[in-house]
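Work the whole structure out from these sequences, hints included.
Take a look at the letters that make up each chain.
2 protein chains.
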Amino acid sequence: MFKSRETIIIDSDAIIQIIKTIGLHQVMEDLIFELRESLVNFSEKEIEVPARSGFNYKKPFLGLVEWMPVMKKGHEVIIKVVGYHPDNPKLFKIPTILSTISSYDSHTGHLNFIVDGVLLTALRTGASSALASQLMAHPDSTSLGIIGCGAQSVTQIHALSRLFDLKEIRIFDTDPSAMKSLQARIAPLDLPINLEFSDIDEIIATSDIVCTATSIAPEKGPLFEHYECKPHLHINAVGADFPGKIELPLSFLRKAKVCPDFLEQAVVEGECQQLAPEEIGPSWVKLMQSKESHTAYQKCLSVFDSTGWALEDLVVANLFADYAEKLGLGEKVNLESYSADEKNPYGMLYSSAKSLQK
Amino acid sequence: MFKSRETIIIDSDAIIQIIKTIGLHQVMEDLIFELRESLVNFSEKEIEVPARSGFNYKKPFLGLVEWMPVMKKGHEVIIKVVGYHPDNPKLFKIPTILSTISSYDSHTGHLNFIVDGVLLTALRTGASSALASQLMAHPDSTSLGIIGCGAQSVTQIHALSRLFDLKEIRIFDTDPSAMKSLQARIAPLDLPINLEFSDIDEIIATSDIVCTATSIAPEKGPLFEHYECKPHLHINAVGADFPGKIELPLSFLRKAKVCPDFLEQAVVEGECQQLAPEEIGPSWVKLMQSKESHTAYQKCLSVFDSTGWALEDLVVANLFADYAEKLGLGEKVNLESYSADEKNPYGMLYSSAKSLQK
Chain A
3 MFKSRETIII DSDAIIQIIK TIGLHQVMED LIFELRESLV NFSEKEIEVP
53 ARSGFNYKKP FLGLVEWMPV MKKGHEVIIK VVGYHPDNPK LFKIPTILST
103 ISSYDSHTGH LNFIVDGVLL TALRTGASSA LASQLMAHPD STSLGIIGCG
153 AQSVTQIHAL SRLFDLKEIR IFDTDPSAMK SLQARIAPLD LPINLEFSDI
203 DEIIATSDIV CTATSIAPEK GPLFEHYECK PHLHINAVGA DFPGKIELPL
253 SFLRKAKVCP DFLEQAVVEG ECQQLAPEEI GPSWVKLMQS KESHTAYQKC
303 LSVFDSTGWA LEDLVVANLF ADYAEKLGLG EKVNLESYSA DEKNPYGMLY
353 SSAKSLQK
Chain B
3 MFKSRETIII DSDAIIQIIK TIGLHQVMED LIFELRESLV NFSEKEIEVP
53 ARSGFNYKKP FLGLVEWMPV MKKGHEVIIK VVGYHPDNPK LFKIPTILST
103 ISSYDSHTGH LNFIVDGVLL TALRTGASSA LASQLMAHPD STSLGIIGCG
153 AQSVTQIHAL SRLFDLKEIR IFDTDPSAMK SLQARIAPLD LPINLEFSDI
203 DEIIATSDIV CTATSIAPEK GPLFEHYECK PHLHINAVGA DFPGKIELPL
253 SFLRKAKVCP DFLEQAVVEG ECQQLAPEEI GPSWVKLMQS KESHTAYQKC
303 LSVFDSTGWA LEDLVVANLF ADYAEKLGLG EKVNLESYSA DEKNPYGMLY
353 SSAKSLQK
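So the sequence lines, in the order shown, correspond to chains A and B. For any residue, its number in my numbering is found by taking its place in the first sequence, counting from 1, and adding 2. For any residue, its number in my numbering is found by taking its place in the second sequence, counting from 1, and adding 2.
Read the hints as simulated data drawn from the structure, not as lab findings. No experiment lies behind these values; they were computed from the predicted model shown. It is possible that some hints are incorrect.
Because identical chains cannot be distinguished in the list, a pair is counted as satisfied if it fits within a single copy or across any two copies.
[What the hints assert, rightly or not] Below 30 angstroms or equal to it, Euclidean Cα-Cα: the simulated DSSO-like pairs (lysine-lysine) are:
| hint | residue 1 | residue 2 |
| --- | --- | --- |
| 1 | K5 | K169 |
| 2 | K222 | K75 |
| 3 | K232 | K293 |
| 4 | K61 | K5 |
| 5 | K47 | K259 |
| 6 | K301 | K74 |
| 7 | K5 | K334 |
| 8 | K92 | K5 |
| 9 | K60 | K47 |
| 10 | K182 | K92 |
| 11 | K169 | K257 |
| 12 | K334 | K22 |
| 13 | K288 | K61 |
| 14 | K95 | K288 |
| 15 | K5 | K60 |
| 16 | K95 | K5 |
Take a look at the structure:
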C-alpha cells in the first residue's frame, strides 16, 4: 500500500553495509530459505511472470539489454533490467552482467526502491543452483566440479557449500588466470577445501555435481561431446542465456532428466533449445511442489537448465529491501516529480502560484 | 561509450532546479525543437521501438504498470516504466500517472541515469500534441478547446501556446473543481487569455483545435456522440491509453483523417481500436517526413491519436540529462555493485582478501 512518495536507492555502499552487518553466509542462507519458501508457495494465481524480452545486437559489441518483469498480484511489480556484454571485462574491466532491480507498488505505480542487480543476480543464481541440486543431486554429494571460473562460479560454490558437505572441488576455465585466481576469490568463504585444477573430461567423470557457467559464444557449444560420468551426476547449466548459446551436448541431455527453471525461456535461451517438448521434464517449481519423492532424480543423470527466472529476482530484491529497511540503509529520494496538487504538473515550480487559487 | 560506473539520479529537486534555471517556456521550446528533429530524422535502421507491454489489473484498484522500451542502436536503451492508476488522486492525493525513465548504455548495459517520468511525460505529451497540431491543424488556429482539465491539460495548453497565437480557450471537465482551478494552474504561463467554462458541444462546435485528456473509464466512451464543428477541426486525443478506453465517436473518426503516433499501440489502446486498418491514416512520423504538403490535412477534420510513443520519452529524458550535466545537477551513485576484480562478486566486501592473491 502507498506509504510515501520516497524511493529508496539501495546502492553498492548500502549492499556492502548490509552484508557486513548480516554476514555473508547468513545472507546466502536467508536467500536460500526465502527462495525455497517462494517456490513451495508459488501459484500462478498470485504471481504472473511473462517471458522476458529485450534488445540483442552484435554491434558495437555483442550484447543484449533485457527486462524481466514479474508481478506479485495486488502487491508489487518487480522489473530487473539486465545487460549481458561478454566483452565488458576485457574492454572496460567491468562485469559481463550489469543490472538493477526496481520494485513498483501495484496500487499506485510508485517506484518503491531500486537496488543493484549485479551482486544480487550472482547471489540468487547461486542459491537457485543449490536448491535445484538439493532436489535433484545425490544427497551425499561431496564432489563439485566448476566449468567456467568467472564471477558466477564464486556464488555457485558459496551456495552449494551451504547445502552440501563438499570435500573436493575441481575447476576448469579456458583462461588459466581465471582458474588461478579462484582460490583467492573464495578465500572469504572459509571452506576447508583446496581447489584442484582439472579439465572438463575429469570434472565430468569424477563429480557428483557440476556447475557450468561459461561465456561460450552462441553457436560454439557444447563445452564437450564425449564423456564418462557417475550415474547420478547432476549438472547446473547456468551459462546458456542467449539464443544459440548452449553448454551441454544433446547426447547428455537426452540421457538426463532435464528440469528448466522457466520453460518458455529455456526453450529460447537455455539448454532446452536442443530438446523437443516431450524430452523436457517438469519445471523447477513443479518438481519442488510435487509430493512424490525426488529419489528417482537423485539416482540418475539430471540437469537444471538455469536461464534465470524473474521470481528469483523478486525474492532477492525484497530480501535486500527488508535488510535495508531494518538497518536504516539506502538513500531516500523523491524521484517522481509532482506537486501537492496532483492536477498541477508545474505546481512545485511556482508554489507561490497557489495563492492565486481560490 | 562507457565512461563511468556512476548512475545519475535526476530527482524532483534536480528537475525543479533545471526548469528554474533554463526557464519553463525555454524548456518547452527546446523539447518541441528536439522532438521535431527526432521525428524528421527518425529511421527504423537507427531506432527500434517494440510495442509496450505490461500488467493490467482491476484489483486492488484499476490500474496498470507498463514498460516502454526504445533503443537508439549503438547508443542507448531507454525504458520508461509507467503506472496508470485513476484512483490515485482520490485515494492518495498523487497523480494518476507515475513514472520514471531509465537510460542504459548499449555498449555495456550500465544504467546511465534515471529521471522522473511524471513531469517529463506531461511535458512530452504536450509537445507531441503541439507538433501534431502544427502538421494537421489550421495554421491560423486561434481557438483551443480542452476536454478534461487534469494534469495533462496544463502542458497541452502550454505547448500549443508556443506554436499557435491562441485567443480563446474553452474548457470542460465533469468535475467542476478541476475546471475552476485550471486558470490558477496555468497562471505561471502568463498567457493573455481568460479560460471560458464551456461544455463539450460548444467546445466541439467552436474550436480550431481540441485536446481530449480525460480519465473516462474503459467501455464508457466516447465523450460525445452527436456534434457540429468547424470543417477543419483538429483533435489531439490524448486520453485513450488502455484497452477499451476511447474518447471520440466512431462517426467523427470516420469523417476525419486519423494519424496515430504509433500504429501497433494505437490499435490496442487508442482511438484506432475503433477503426479498420484501411480507415487509419499514415503515422505521425510518416506524415512528418512526407514531402507532400499537409494543406489537405489542415483543411479537413483530423485526429492525432496520441497513445504515447517511446521515442518521445527518449527525447525528453535526454534533454533533461543534458541539462543536468550542463548545470552539474543530479546525484551520482554507484548503483551496480561490483568490485575492481570483475570476476569477484564479493571483492568489494573483503578488499583485504586481495593480499591472498599472487
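How the hints compare with the structure:
For the homomeric pair K5 and K169, neither the shortest alpha-carbon distance inside one copy (49 angstroms) nor that between copies (44 angstroms) is at most 30 angstroms. When the C-alpha separation of K222 and K75 is checked against a cutoff of 30 angstroms, the pair qualifies only between copies, where the shortest distance is 26 angstroms, while the shortest distance within a copy is 40 angstroms. In the homo-oligomer, the alpha carbons of K232 and K293 lie at most 30 angstroms apart inside one protomer (27 angstroms), although the nearest pairing across protomers, at 71 angstroms, exceeds that limit. Taking identical chains as interchangeable, the C-alpha atoms of K61 and K5 lie at most 30 angstroms apart only when they sit on different chains, with a minimum of 18 angstroms there against 44 angstroms within one chain.
Within a single copy, K47 and K259 get their C-alpha atoms as close as 28 angstroms, which meets the 30 angstroms cut-off; across copies the closest is 43 angstroms, which misses it. In this homomeric assembly, K301 and K74 never come within 30 angstroms of each other (Cα to Cα): the closest approach is 36 angstroms inside a single copy and 50 angstroms across copies. For a Cα distance limit of 30 angstroms, the shortest separation of K5 from K334 qualifies both inside one copy, at 13 angstroms, and across copies, at 26 angstroms. Taking CA atoms no more than 30 angstroms apart as the test, K92 paired with K5 passes between copies only; the shortest distance there is 15 angstroms, against 44 angstroms inside one copy.
Taking CA atoms no more than 30 angstroms apart as the test, K60 paired with K47 passes between copies only; the shortest distance there is 14 angstroms, against 38 angstroms inside one copy. With identical chains, the CA atoms of K182 and K92 are at most 30 angstroms apart within one copy only, with a shortest distance of 17 angstroms there and 61 angstroms across copies. Taking the shortest Cα distances, K169 and K257 sit within 30 angstroms of each other inside one copy (27 angstroms), while across copies they are farther apart (79 angstroms). Both within a single protomer and between protomers do K334 and K22 lie at most 30 angstroms apart by alpha-carbon distance, with minima of 21 angstroms and 23 angstroms respectively.
Only between protomers do K288 and K61 lie at most 30 angstroms apart by alpha-carbon distance; the minimum there is 27 angstroms, versus 39 angstroms within a single protomer. Taking identical chains as interchangeable, the C-alpha atoms of K95 and K288 are never at most 30 angstroms apart, the minima being 40 angstroms within one chain and 43 angstroms between chains. Taking the closest pair of Cα atoms, K5 and K60 come within 30 angstroms of each other only across two copies (20 angstroms); inside a single copy the shortest separation is 44 angstroms, beyond that limit. For the homomeric pair K95 and K5, the shortest alpha-carbon distance between copies (12 angstroms) is at most 30 angstroms, but the shortest distance inside one copy (40 angstroms) is not.
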